[in-house]
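Let the hints inform the model, and build the full structure from the sequences given.
Chains as they are written, first to last, in our numbering: chain A, 41 to 155; chain B, 73 to 181.
Rather than coming from a laboratory, the hints here were simulated on the basis of the structure.
Treat each hint with caution, since some may be false.
[Unchecked claim] Taking lysine to aspartate or glutamate pairs in the DMTMM-like style, the calculated list, with each CA pair at most 25 Å apart, reads:
| # | chain 1 | residue 1 | chain 2 | residue 2 |
| --- | --- | --- | --- | --- |
| 1 | A | K97 | A | D112 |
| 2 | A | K97 | B | D166 |
| 3 | B | K153 | B | E86 |
| 4 | B | K148 | B | E86 |
| 5 | A | K97 | A | D142 |
| 6 | B | K140 | A | D142 |
| 7 | B | K129 | A | D142 |
| 8 | B | K153 | A | D78 |
| 9 | A | K97 | B | E86 |
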Amino acid sequence: IAGITQAPTSQILAAGRRMTLRCTQDMRHNAMYWYRQDLGLGLRLIHYSNTAGTTGKGEVPDGYSVSRANTDDFPLTLASAVPSQTSVYFCASSVTSGRGTDTQYFGPGTRLTVL
Amino acid sequence: GQNIDQPTEMTATEGAIVQINCTYQTSGFNGLFWYQQHAGEAPTFLSYNVLDGLEEKGRFSSFLSRSKGYSYLLLKELQMKDSASYLCAVRDSDYKLSFGAGTTVTVRA
Numbered sequence: 041i042a043g044i045t046q047a048p049t050s051q052i053l054a055a056g057r058r059m060t061l062r063c064t065q066d067m068r069h070n071a072m073y074w075y076r077q078d079l080g081l082g083l084r085l086i087h088y089s090n091t092a093g094t095t096g097k098g099e100v101p102d103g104y105s106v107s108r109a110n111t112d113d114f115p116l117t118l119a120s121a122v123p124s125q126t127s128v129y130f131c132a133s134s135v136t137s138g139r140g141t142d143t144q145y146f147g148p149g150t151r152l153t154v155l
Numbered sequence: 073g074q075n076i077d078q079p080t081e082m083t084a085t086e087g088a089i090v091q092i093n094c095t096y097q098t099s100g101f102n103g104l105f106w107y108q109q110h111a112g113e114a115p116t117f118l119s120y121n122v123l124d125g126l127e128e129k130g131r132f133s134s135f136l137s138r139s140k141g142y143s144y145l146l147l148k149e150l151q152m153k154d155s156a157s158y159l160c161a162v163r164d165s166d167y168k169l170s171f172g173a174g175t176t177v178t179v180r181a
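This is how it looks when you write it as structure tokens:
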């Protein structure tokens with residue numbers, strides 16, 4: 041069982057280019073999340089999805105879009121990358137049963153540099 | 073939204089105890105989490121509190137006071153491998169997590 045995988049591991053991207061970060065989980069979790077992590081700011085939520093077919097905006101959604109066509113995949117797209125989007129991006133997933141801890145589990149991250 | 077504060081850095085000696093405090097202001101509380109994050113790696117789950125009191129898990133314990141908006145993570149018998157960043161996160165009623173900036177703990181020999 042892989043848990044959550046992300047691709048690519050790292051990427052250097054020219055400003056203005058389009059980029060999709062991939063995230064796949066095999067735990068059948070209903071909820072998935074995208075965060076960015078910047079030094080001194082901690083993890084900030086970009087977008088989330090509570091179930092396949094639905095998405096929502098987090099704290100810092102501008103410049104990013106997501107889709108959730110099925111339970112396992114939750115890609116994050118930067119339509120036209122800017123240098124301020126240089127960051128480490130983490131995907132996470134959880135169940136949201138309301139009956140237990142419903143912990144979020146994180147993927148290994150994608151380090152993105154926009155020049 | 074949430075406002076979560078924790079110290080930026082702490083240093084302690086191997087074998088000692090360190091307590092990392094976290095204070096929060098929330099618009100809807102549905103649990104508090106502590107995660108550990110080693111440099112260059114993903115956060116990993118350490119502990120969860122939703123009711124007041126102490127939760128103990130081996131060398132790690134976490135405490136919560138909802139009325140005070142306060143939690144702490146206690147690390148006992150520190151080992152070199154405990155050098156990492158510790159993230160406090162508050163979950164809201166919509167099941168979204170808000171994270172503090174993290175506390176970097178350095179364990180010295």
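Quick one, are K97 (chain A) and D112 (chain A) close enough, alpha carbons at most 25 Å?
With Cα atoms ~19 Å apart, K97 (chain A) and D112 (chain A) stay inside 25 Å; holds.
| message | What's the verdict on K153 (chain B) and E86 (chain B), does the C-alpha distance respect the 25 Å limit or exceed it? | response | Measuring from Cα to Cα gives roughly 10 Å; hence the hint holds.
Regarding the pair K148 (chain B) and E86 (chain B), is the alpha-carbon distance no greater than 25 Å?
This hinted pair holds, its Cα atoms lying about 10 Å apart.
*Please work out if K97 (chain A) and D142 (chain A) have their alpha carbons no farther apart than 25 Å.*
Satisfied, since the Cα-Cα distance of roughly 20 Å is no more than 25 Å.
**Pairwise hint evaluation, D78 (chain A) against K153 (chain B), where the allowed Cα distance is 25 Å at most** = 23 Å, holds
*Is K129 (chain B) within 25 Å of D142 (chain A), Cα to Cα?*
18 Å, holds
Self-check item: Hinted pair K97 (chain A) and E86 (chain B), Cα distance within 25 Å
Solution: It is violated: about 43 Å lies between the C-alpha atoms, which goes past 25 Å.
Q.
Can you confirm whether the C-alpha distance between K140 (chain B) and D142 (chain A) stays at or below 25 Å?
A. Holds, at about 24 Å.
Hint consistency between K97 (chain A) and D166 (chain B) [alpha-carbon to alpha-carbon, up to 25 Å]:
12 Å, holds
Checked against the numbered hints given earlier, the structure breaks only hint 9 and satisfies all the rest.
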